[in-house]
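Based on the sequences and whatever the hints tell you, model everything.
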Amino acid sequence: MTAETLLSRRERVRTTLAHRQPDRIPIDFGGTAVTGIHASCVAALRDYYGLEKRLVKVHEPYQMLGWVDDDLKDAMGIDVEGVARRPTIFGFPTGGWKEWNFNGLEVLVPGQFNVTTASNGDTLIYPEGDMSVPPSGRMPKDGFFFDSIIRQKPIDEEQLNPADNLEEFKALTEADLAELRADVAAANAKGRAVIANFGGTAFGDIALVPGPFLKDPKGIRDVAEWYMSTSGRREYVHAVFARQAETAVSNLKRIHAFIGDSVDAVFLCGTDFGTQTSAFCSVPAFRELWFPYYKQVNDWIHAHTAWKTFKHSCGSVERFYESFIECGFDIINPVQCSAAGMDPERLKAKYGTRMTFWGGGVDTQKTLPFGTAAEVRQEVLRRCEIFASGGGFVFNSVHNIQACTPVANIVAMINAVNEFNGRN
Amino acid sequence: MADIQKLYDAVLNGDQKTAVAVTKEALAGNADPLELIQKGMIPAMDEVGKRFECEEFFVPELLLSARAMKGALVLLRPLLAERGAQPAGRVVIGTVKGDLHDIGKNLVASMLEGGGFEVVDLGADVTPEKFIEAIRTSGANVVCLSALLTVTMPSMKKTIDALKDAGVRDRVKVLVGGAPVTPQFAQEIGADGYGENASSAVSLARRFSGVTA
Numbered sequence: 000m001t002a003e004t005l006l007s008r009r010e011r012v013r014t015t016l017a018h019r020q021p022d023r024i025p026i027d028f029g030g031t032a033v034t035g036i037h038a039s040c041v042a043a044l045r046d047y048y049g050l051e052k053r054l055v056k057v058h059e060p061y062q063m064l065g066w067v068d069d070d071l072k073d074a075m076g077i078d079v080e081g082v083a084r085r086p087t088i089f090g091f092p093t094g095g096w097k098e099w100n101f102n103g104l105e106v107l108v109p110g111q112f113n114v115t116t117a118s119n120g121d122t123l124i125y126p127e128g129d130m131s132v133p134p135s136g137r138m139p140k141d142g143f144f145f146d147s148i149i150r151q152k153p154i155d156e157e158q159l160n161p162a163d164n165l166e167e168f169k170a171l172t173e174a175d176l177a178e179l180r181a182d183v184a185a186a187n188a189k190g191r192a193v194i195a196n197f198g199g200t201a202f203g204d205i206a207l208v209p210g211p212f213l214k215d216p217k218g219i220r221d222v223a224e225w226y227m228s229t230s231g232r233r234e235y236v237h238a239v240f241a242r243q244a245e246t247a248v249s250n251l252k253r254i255h256a257f258i259g260d261s262v263d264a265v266f267l268c269g270t271d272f273g274t275q276t277s278a279f280c281s282v283p284a285f286r287e288l289w290f291p292y293y294k295q296v297n298d299w300i301h302a303h304t305a306w307k308t309f310k311h312s313c314g315s316v317e318r319f320y321e322s323f324i325e326c327g328f329d330i331i332n333p334v335q336c337s338a339a340g341m342d343p344e345r346l347k348a349k350y351g352t353r354m355t356f357w358g359g360g361v362d363t364q365k366t367l368p369f370g371t372a373a374e375v376r377q378e379v380l381r382r383c384e385i386f387a388s389g390g391g392f393v394f395n396s397v398h399n400i401q402a403c404t405p406v407a408n409i410v411a412m413i414n415a416v417n418e419f420n421g422r423n
Numbered sequence: 013m014a015d016i017q018k019l020y021d022a023v024l025n026g027d028q029k030t031a032v033a034v035t036k037e038a039l040a041g042n043a044d045p046l047e048l049i050q051k052g053m054i055p056a057m058d059e060v061g062k063r064f065e066c067e068e069f070f071v072p073e074l075l076l077s078a079r080a081m082k083g084a085l086v087l088l089r090p091l092l093a094e095r096g097a098q099p100a101g102r103v104v105i106g107t108v109k110g111d112l113h114d115i116g117k118n119l120v121a122s123m124l125e126g127g128g129f130e131v132v133d134l135g136a137d138v139t140p141e142k143f144i145e146a147i148r149t150s151g152a153n154v155v156c157l158s159a160l161l162t163v164t165m166p167s168m169k170k171t172i173d174a175l176k177d178a179g180v181r182d183r184v185k186v187l188v189g190g191a192p193v194t195p196q197f198a199q200e201i202g203a204d205g206y207g208e209n210a211s212s213a214v215s216l217a218r219r220f221s222g223v224t225a
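Taken in sequence, the protein lines are chains A and B.
If you're matching positions, the first sequence starts at 0 in this note's numbering and goes up one per residue.
If you're matching positions, the second sequence starts at 13 in this note's numbering and goes up one per residue.
Hints listed in this document are in silico derivations from the structure and should not be mistaken for laboratory results.
Note that the structure is predicted; figures quoted are calculated from it, not measured.
A hint or two may mislead.
Below, computed lysine to any residue pairings styled on SDA-like, alpha-carbon distance capped at 25 Å [to be verified]:
1. K189/A <-> G76/A
2. K140/A <-> E141/B
3. K29/B <-> R150/A
Shown next as C-alpha cells:
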C-alpha cells in the first residue's frame with residue numbers, strides 16, 4: 000500500500016467527520032471496544048483472506064475482541080486506527096502475550112490474563128490478574144464473553160460516600176502519559192484516522208460500574224443498585240459525576256499537552272441510555288443528571304482541541320439526540336436501527352448534518368449473524384444509500400461483530416460497502 | 013383497618029422503607045395479608061407497569077417499586093402460605109444457558125410477583141435440565157425464558173426442545189423475551205408467547221393462567 004493511499008484514509012475520515020462528501024465511505028472495525036470483532040471472527044477472517052497464520056491477540060478480554068492486524072485491516076479496507084489505555088477492563092495491561100485455548104481456538108491473551116475454572120465449568124478471571132483476591136469476571140462454560148461478577152458490599156445509606164465510586168478516576172501518571180504518547184505516535188504512523196479512548200470520561204457506564212478492574216470495589220457497584228441510584232440517589236450520583244468530570248478535564252488537558260491534535264476523534268462514553276423498545280431514563284432525567292458533565296467535558300475539548308467526540312449508546316435513543324448534540328457530541332454509535340424509533344432514514348434526515356453516524360451499517364442481532372449473505376448485502380447497500388450522502392458516516396456494524404457470525408456474512412458486508420463505493 | 017392506600021403509594025413511589033413499615037403496622041393491626049396484596053400491592057404494580065408502558069416510568073423506577081413490593085411481600089408470604097392462599101399462577105423463570113444477564117429477567121420476575129404469581133427464579137445461565145426439574149417440582153403452569161445475547165438465543169430453542177423430550181412441554185406455556193428476541197423468533201422456536209417488556213409478560217402470564225387483571 001502506498002503512502003498516498005494511506006494518507007487518503009485519514010483524509011477520508013476527516014472529510015466525513017466534517018460533513019463533507021468523501022471519495023468513499025470510510026470503514027472502521029477494531030478502532031474501539033464497541034466497533035470491534037470477536038476474536039473467533041478475526042481468526043476466521045484471517046483464514047478467509049489467506050493471511051499469514053498467526054494467533055489472534057485478544058486485546059479486550061471482557062468482550063473477547065480480537066486485534067485487527069494491519070494485514071487484515073488492509074484486506075478489509077479499514078480506515079481507522081484505535082488507541083486505548085493499556086490497562087484492560089480487568090485492570091491488567093495488554094502485552095506480555097501468552098497462549099490460551101478459547102473453546103478450542105488458540106489465541107493470545109495478555110500475560111496477566113489469569114483464569115481458573117469453577118466447579119460448574121465456568122471460567123473465572125481476576126482483577127489485575129491477582130488470584131489472591133476474588134474473581135471479578137465470569138464466562139459461562141462454552142461461552143463467548145465475560146461478564147462482571149457483582150461484588151457489592153452491604154449498603155448503609157448513612158455511610159454512602161461518593162469517593163468510594165471514584166477510586167478508578169485518578170490523575171494520570173507521567174508513565175500513563177508516556178504510554179499514551181507512544182501509542183498515539185504508533186497509531187499515527189499507520190496513516191489511518193486515529194480514534195482514542197483515554198478513559199475516565201464514561202459517566203455511569205454499566206459495564207464499568209461493577210469495577211471489574213478493582214480488587215476490592217466499594218460504593219455502589221451492583222448494576223440494579225446503580226440504576227436505582229440514578230432515580231433514588233441523584234445527589235450521590237451528581238457528586239460522583241462532578242468529581243469525575245473535574246478529573247477527566249484535568250487529564251485531558253495534560254494529554255492534549257502531550258499529543259496535541261494528533262488524534263481525530265476521542266471515545267468519551269459508552270453509557271447505554273436505550274433499551275430495545277424504550278429508554279433507561281427520561282429526557283429530563285438525562286438533562287439533569289448527565290448533560291452538565293458531558294457538556295463540561297465536550298466544551299473543554301471543543302475549546303482547546305480539534306478532536307471530534309464520540310458517544311456510544313445502544314438502543315432506542317433518538318429521543319436523546321438533540322441533547323447529545325447540544326452537549327457537544329459530534330459522533331453517535333452504534334445507531335441501533337432495529338430499536339424502537341431508530342428509523343435510519345429519519346435519523347439521517349433529522350440529524351445527519353449535525354451528527355456523524357459511526358455505525359448503523361448492518362444489524363448484528365439478526366441480519367449479520369443469522370441472515371444470508373444476500374440479505375447482508377441488501378441491508379448494507381440500503382444503509383449506505385441512506386447514511387452516505389453528504390458525509391457524516393463511518394461504516395461499522397451496529398456494535399461489535401459477535402461470536403458465531405458466519406465469516407461469509409462478514410465478507411458479504413465488506414464487499415457490499417466496496418460495491419457501493421465503487422458505483423458512487 | 014389497614015391503610016392500604018399508604019402501601020399502594022409506597023410501592024408505586026418505590027419507597028421500600030415505608031412499604032415495609034406500613035405492612036408491619038397493618039399486620040400488627042390484624043390486617044388480612046391477602047387484602048394487602050390484592051388491594052394494595054397488585055394494583056400498585058399494575059400502575060407501575062402502565063406507567064412503564066407509557067414511558068412515565070423507566071427501568072430505575074421499576075426496580076425501586078419492585079424492591080418496595082418485595083420488602084412487603086417477604087412479610088406477607090409466610091402468612092399467605094399458612095392460610096393456603098392460591099397464587100394467580102406458578103411461573104418458573106430464568107436466563108437461558110450461556111447467558112449471565114439477569115436485569116430484564118429480574119424485572120419480569122418482580123412484576124410477576126407483584127401481579128400475584130408465585131415465581132420460581134432459577135437465576136441466570138440455567139440449563140434445560142434445571143428448567144425441567146423446576147417445572148416438575150413446582151407444578152408451574154408458565155415458564156419464562158430470557159436471553160440478552162444473540163449467541164444465547166439458540167439456547168431458548170434447545171430449552172424448549174428439551175422440555176418436549178422430557179415430556180413436560182404440554183404442562184406449561186412458554187414465554188420468551190429479551191433484547192434480541194422477536195415475536196417471529198418466538199414462533200419459530202415453538203414458544204407460546206413473546207413478552208416485549210415486563211408488563212406485557214405479566215399480561216400474557218395472566219392470560220395463560222386464566223386470570224383477568
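Taking the hints in turn, this is what the structure says about them:
1. For the hint pairing K189/A with G76/A, the CA-to-CA distance comes to about 13 Å; that is within 25 Å, so the pair holds.
2. Annotation: proposed proximity of K140/A to E141/B holds, straight-line Cα distance about 15 Å (limit 25 Å).
3. Note on K29/B and R150/A: the hinted pairing holds, with a Cα-Cα distance of about 24 Å set against a maximum of 25 Å.
Every hint from the earlier list agrees with this structure, and none is contradicted.
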